[in-house]
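> Residue strings, one per chain:
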Amino acid sequence: EPEVTQTPSHQVTQMGQEVILRCVPISNHLYFYWYRQILGQKVEFLVSFYNNEISEKSEIFDDQFSVERPDGSNFTLKIRSTKLEDSAMYFCASSEGVVGVSGNTIYFGEGSWLTVV
Amino acid sequence: QKEVEQNSGPLSVPEGAIASLNCTYSDRGSQSFFWYRQYSGKSPELIMFIYSNGDKEDGRFTAQLNKASQYVSLLIRDSQPSDSATYLCAVKPDSGYSTLTFGKGTMLLVSP
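Those protein sequence lines, which keep their order, are chains A and B. Residue 106 in the numbering used here sits at position 106 of the first sequence; the count goes up by one each step and never skips. Residue 35 in the numbering used here sits at position 35 of the second sequence; the count goes up by one each step and never skips.
What the hints contain is simulated information worked out from the structure, not anything from laboratory work. The C-beta atom is built at its ideal place from N, Cα and C for all residues, glycine as well. Take these hints with a grain of salt, some might be off.
Now the stretches of chain A that chain B is said to cover, found in silico as 3 or more residues with beta-carbon under 8 Å [stated by the list, open to error]:
id	region
1	44-55
2	97-103
3	108-114
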């Protein structure tokens with residue numbers, strides 16, 4: 001069964017360092033997402049990406065964050081200067097089409113656990 | 001602020017019983033509703049979705065939607081210990097292109 005794959009599974013970084021989280025969405029999917037989940041809290045939307053541009057972003061997704069689709073398969077999330085409060089599980093996700101239309105749903109990768117020290 | 005509320009639990013049921021998980025949402029215009037299961041330290045895994053008022057059944061799972069009451073529920077019949085997990089309710093808001101708003105989840109514990 002096709003799946004969203006993410007690397008690394010776990011990263012420890014020092015405060016102020018740049019981090020890049022990588023994802024390979026499901027191959028025929030057109031919409032890509034990043035969500036995060038701070039330990040013990042709910043899954044929060046960060047950004048959605050379609051047709052090589054950001055389609056929506058939350059207030060969490062400030063200037064410290066950026067996303068890129070550098071080639072035909074990868075989708076990356078960059079955090080420019082990490083803070084302690086960025087420690088969380090970051091989930092990449094994808095959907096074939098617009099969520100809620102024609103049964104389209106979001107499928108999540110296994111996550112990248114980021115620890116900022 | 002669009003909210004999705006769930007009782008955090010834990011909801012404890014014996015093996016073989018019916019587990020009932022509930023969710024309310026604030027955005028009256030929401031049209032699409034999803035239930036995900038999340039094991040500890042793992043990613044959310046889609047169980048089912050529902051768009052229309054009423055019931056939708058898939059195996060041991062039944063989703064129920066009442067848009068007038070802004071309420072969606074998930075019933076799990078013949079609960080198994082392997083069903084022990086956190087169940088996340090997710091709603092696609094009326095505004096917004098393709099995002100989901102998640103509740104905090106209800107922890108379900110099924111005892112053998």
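> The structure should be examined with respect to each hint, and the outcome stated for every one.
Hint check results:
no., hint, result
1, 44-55, "holds (count 5)"
2, 97-103, "holds (count 4)"
3, 108-114, "holds (count 4)"
Of the numbered hints stated above, none is contradicted by the structure.
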